[in-house]
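Next come the chains, spelled out residue by residue.
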Amino acid sequence: MVALPDQAGTVTPWWRNRRLIPWLVQAAIGLVVLVVIAFLVGNLVRNLTAAGLLLSWGWLDNPSGFDIAETFLPFNAGLPYWRALLAGLVNTIRVVIAGLVGATLLGTLVGTASFSSNGLLRRLARVYVEVIRNIPLLLQLVFWYFVVFLSLPNGEQAIQLPGIVLAKSGLFLGRPELVNGVWQAPLRFTVEFGALLTGLVVYTAAFIAEVVRGGVASVPMGQWEAARSLGFSKLQTLKRIVLPQALRVIVPGLNSQYISLAKNSSLAVACGYTDLYSVAETTLNQTGRAVEVVLLLLGAYLVIDLVISALMNGLNHLVQIKER
Amino acid sequence: MALLRRLAAALPLFACLALVGCASEGSGIQSQKIATIKARGKLICGVDGKLPGFSFVGSDGSYSGLDVDVCKATAAAVLGDSSKVDYRDLNSSERFAALASGEVDLLSRNTTYTLSRDAAGGNGLSFAPTVFYDGQGLMAPNASGVKNLKDLSGKPICVESGTTTELNLADRMREIKATYTPLKFQTGDQTYAAYLGGRCVAVTSDRSQLAAKRTSFPDPAAHTLLPDVLSKEPLSPATVNADPLWSDAVRWTIYALMQSEELGITQANVEAKVAEAKANANLADLRRFLGVEGDFGKQLGMPADFVVQAVKAVGNYGEIFDRNVGSGSKLKLDRGYNRQWKDGGLIYSPPFR
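Note that the protein sequences, when read in sequence, are chains A and B. According to numbering that gives the first Met the number 0, the first sequence is numbered sequentially starting from 0. According to numbering that gives the first Met the number 0, the second sequence is numbered sequentially starting from 0.
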């Protein structure tokens, strides 16, 4: 049966109006969502008020009373909570940036290695990806920290090279000295930072390798063959012809890996690194301001991830085919 | 018919309500909790279960420790048999809910006595006398040469996050104007693993816990507790606020253990002391304490010989301490604040009068 078009004199009843009904349904769903949100927020405010804990931010100016192991900005227990949280945020950003660079380099290497004509290299790359991808990150962090980094020698037995010392307490650069049994140097990276960075880089690189492999595989074989017939070497082909085309496929995939890395950095507590999450946990415990601290945490990670996304979207625009 | 029977069953209750305050009437004294325990034939005691010296499950499945002995003494006092205890392992977040819901009758699980836990507007617990005066301390390997808090200046210290120990440590280090590196870990296991891995020069926690954990180290003798005490942690058993008669029974059972030590009554000589008290009418204090004369037991709603039963089961406070955490144990803790008041400690039982 075919719906008859409206004819003069016959009016379609409103419940069969094809323009009105979808609009009404949308409005009804929107209303339900609003009511649910209003209920949740109202419930939160009501209960917090009952408990005398309305959202307030004055405590951010109170002295924190705790110390942080390693900070980029100077910090001590007398400084307010917002300075502690800021120090934690800077620590998070530090490990995220280093992790992004490291994971990208290692991931690209492993990803392209899986196209190598060298069978050993190819298989090693596959084994690396399959092993690392299938072990939980938390477990890997615990392994790197407790098994690998804490097995480093300490004090005078530390591994010493000209200008560099690698000890249980960290990596020291620029004329390290042993003062009172403790290594000191102008530039220092703790083993906690090292373990977290290593864990994040190794783990994320396995996923990035797969993204890179997928990207390279998406470039038609004809491109390789054409390049070869023009006399390009294999490395040249990869660098000048294949990777630029593969990037169009790789960049969106990278974006989500980068975001994962930023979020995964909150597993830092497993290896004693004082990141934003660790500082927030202590702050929450001491102030009891659970809602405010969690809101700050949510906001901070959201902003970090949105910034990464925005940068990656910009990059994506750059590498897309320019159709004129 | 059923309704009638139910009404008939409730009659004594109405009669009781009519005679206002029948619970305080000498002969009719009855605690709901004690009645439940007697009917069940067992005391249900909430413990940690994983802390050597306080409550620990042995290889044969039996519980031992200072906290466990408090359970045993209470069961002996109420039921006359220290073996009639069911233990429930509780973690620190379960413990108060388990007590409040009545899942356990008594919480004997190294719990710090604080205002918010005692207050009706807080956890609403009723605390028994402190059985262990603890404090936050520090432990360091002998080889490190660290002798006190000052020596830790500029050194890394392992600490469990999400506890007040972090704040206490920061406070004390600020007082002595020392810088240090706090390494925070989420669980106790990670904290001690990092300490044993040599990442920190010291680890901080309750002193009793440090001593207890040390017994499970590969070489316990290689680690020393520093003399500094950073905070007050009085560990006390607890009951719910709702049944003051039961709380009193637990309270005075524990005081009886402390008073026994003061009077020199031990697990070995308690029977002889009873015989002595019975034979000698002049020893009025001792006769009352051991229930030979007077009605202390009855006033508490307990058997007349509850003190004798408790001491016979686990010994006096000093014996309990030595056996579980003191010189007779692996922990080898000093009595410290847990000495009798006569010896300059804080263990002090009010008079049994």
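The hints are simulated quantities; they were obtained by calculation from the structure and are not laboratory data. The beta-carbon is built from N, C-alpha and C at its ideal position, and this holds for glycine as well. Take the hints with a grain of salt, since some may be wrong.
Said to hold, decoys possible - Straight-line alpha carbon distances no greater than 20 Å define the calculated EDC-like cross-link-like pairs of lysine to aspartate or glutamate that follow: (1) 49/B / 93/B; (2) 154/B / 69/A; (3) 331/B / 227/B; (4) 297/B / 284/B; (5) 149/B / 188/B; (6) 341/B / 227/B; (7) 231/B / 170/B; (8) 154/B / 280/A; (9) 154/B / 322/A; (10) 176/B / 69/A; (11) 311/B / 342/B; (12) 176/B / 150/B.
Said to hold, decoys possible - Partial pick of chain A residues on the chain B-facing surface, computed with a CB cut under 8 Å: (13) 60; (14) 64; (15) 66; (16) 68; (17) 71; (18) 76; (19) 149; (20) 167; (21) 181; (22) 271; (23) 273; (24) 276; (25) 277; (26) 285.
Hints and how they fare:
| no. | hint | result |
| --- | --- | --- |
| 1 | 49/B / 93/B | holds, 15 Å |
| 2 | 154/B / 69/A | holds, 13 Å |
| 3 | 331/B / 227/B | holds, 17 Å |
| 4 | 297/B / 284/B | holds, 17 Å |
| 5 | 149/B / 188/B | violated, 26 Å |
| 6 | 341/B / 227/B | violated, 24 Å |
| 7 | 231/B / 170/B | holds, 14 Å |
| 8 | 154/B / 280/A | violated, 23 Å |
| 9 | 154/B / 322/A | violated, 61 Å |
| 10 | 176/B / 69/A | holds, 18 Å |
| 11 | 311/B / 342/B | violated, 24 Å |
| 12 | 176/B / 150/B | holds, 12 Å |
| 13 | 60 | violated, 18 Å |
| 14 | 64 | holds, 5 Å |
| 15 | 66 | holds, 5 Å |
| 16 | 68 | holds, 5 Å |
| 17 | 71 | violated, 15 Å |
| 18 | 76 | holds, 5 Å |
| 19 | 149 | holds, 4 Å |
| 20 | 167 | holds, 6 Å |
| 21 | 181 | holds, 6 Å |
| 22 | 271 | holds, 5 Å |
| 23 | 273 | holds, 7 Å |
| 24 | 276 | violated, 10 Å |
| 25 | 277 | holds, 6 Å |
| 26 | 285 | holds, 6 Å |
In this structure, the earlier hints numbered 5, 6, 8, 9, 11, 13, 17, 24 are contradicted, and the remaining ones agree with it.
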